[in-house]
Amino acid sequence: QKEVEQNSGPLSVPEGAIASLNCTYSDRGSQSFFWYRQYSGKSPELIMSIYSNGDKEDGRFTAQLNKASQYVSLLIRDSQPSDSATYLCAVNMSPGANNLFFGTGTRLTVIP
Amino acid sequence: GAVVSQHPSWVICKSGTSVKIECRSLDFQATTMFWYRQFPKQSLMLMATSNEGSKATYEQGVEKDKFLINHASLTLSTLTVTSAHPEDSSFYICSARGQGYDTQYFGPGTRLTVL
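Protein sequence lines, in the order shown, are assigned to chains A and B. Sequential numbering of the first sequence, starting at 688, is according to the working numbering. Sequential numbering of the second sequence, starting at -4, is according to the working numbering.
Any given hint might turn out to be false.
[Unchecked claim] Straight-line C-alpha distance at most 25 Å; calculated BS3-like pairs for lysine-lysine:
no. : chain 1 : residue 1 : chain 2 : residue 2
1   : A       : Lys729    : B       : Lys15
2   : B       : Lys50     : B       : Lys9
3   : A       : Lys743    : A       : Lys754
4   : A       : Lys729    : B       : Lys50
5   : B       : Lys15     : B       : Lys61
6   : B       : Lys59     : B       : Lys15
[As the list claims (entries may be wrong)] Covered stretches of chain B, going by a simulated chain A footprint (3 or more residues, C-beta under 8 Å):
no. : segment
7   : 38 to 52
8   : 95 to 107
Read the hints as simulated data drawn from the structure, not as lab findings. Everything numeric in this text was worked out from a predicted model, so none of it was measured. For each residue, glycine too, the CB sits at the ideal point set by N, CA and C.
Work out the full structure: start from the sequences and follow the hints.
This is the structure:
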């Protein structure tokens, strides 16, 4: 079983819609969760981090964490064509862990 | 804040030569730096983790004698690809993390092409 799993997509949504990206993880003791965005040919950039159950909002982005169900999601409201990218979910599996575990990413396309 | 730079952004070299890539944290002290490799349309692959002042820890299958990593200061880590071959052509990305934090910030990447 992979440590961090994402649907590879592609996920297509029309401009202005809500894009929902999901991620599940295997280690119930995981503490920290991150969403990165990676444009084609570029390196990942941090969008959000979340540490507690519930929702965390930052502009058009909302991260949702449910530790009991071991999933974390990212909602993008009012999707724009510029949001078209691959979104990577990353999980810190345990306190003091030296590394993040990355999912393979979900490719999102926002259709004008 | 949390800016990471990489140099060069791209490099083309002949087979058999060595290439050095620098990764710098510009506005924070990076106690840990990570080196990733990414082939086209594939996910990130962690190559090694380096802590300042100590030897790097390489992931399984990564040749430590081929990919030399030095993390001599809290703001600089280098990756040297020795005796590069065409199959080493890839996108190399570093990331950095400050002490006590678990967020990794990525550099812009270095695209290596070996002819």
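Quick rundown of the hints versus the structure:
no.	hint	in the structure
1	A:Lys729 x B:Lys15	holds, 20 Å
2	B:Lys50 x B:Lys9	violated, 28 Å
3	A:Lys743 x A:Lys754	holds, 14 Å
4	A:Lys729 x B:Lys50	violated, 28 Å
5	B:Lys15 x B:Lys61	holds, 12 Å
6	B:Lys59 x B:Lys15	holds, 14 Å
7	38 to 52	holds (count 5)
8	95 to 107	holds (count 8)
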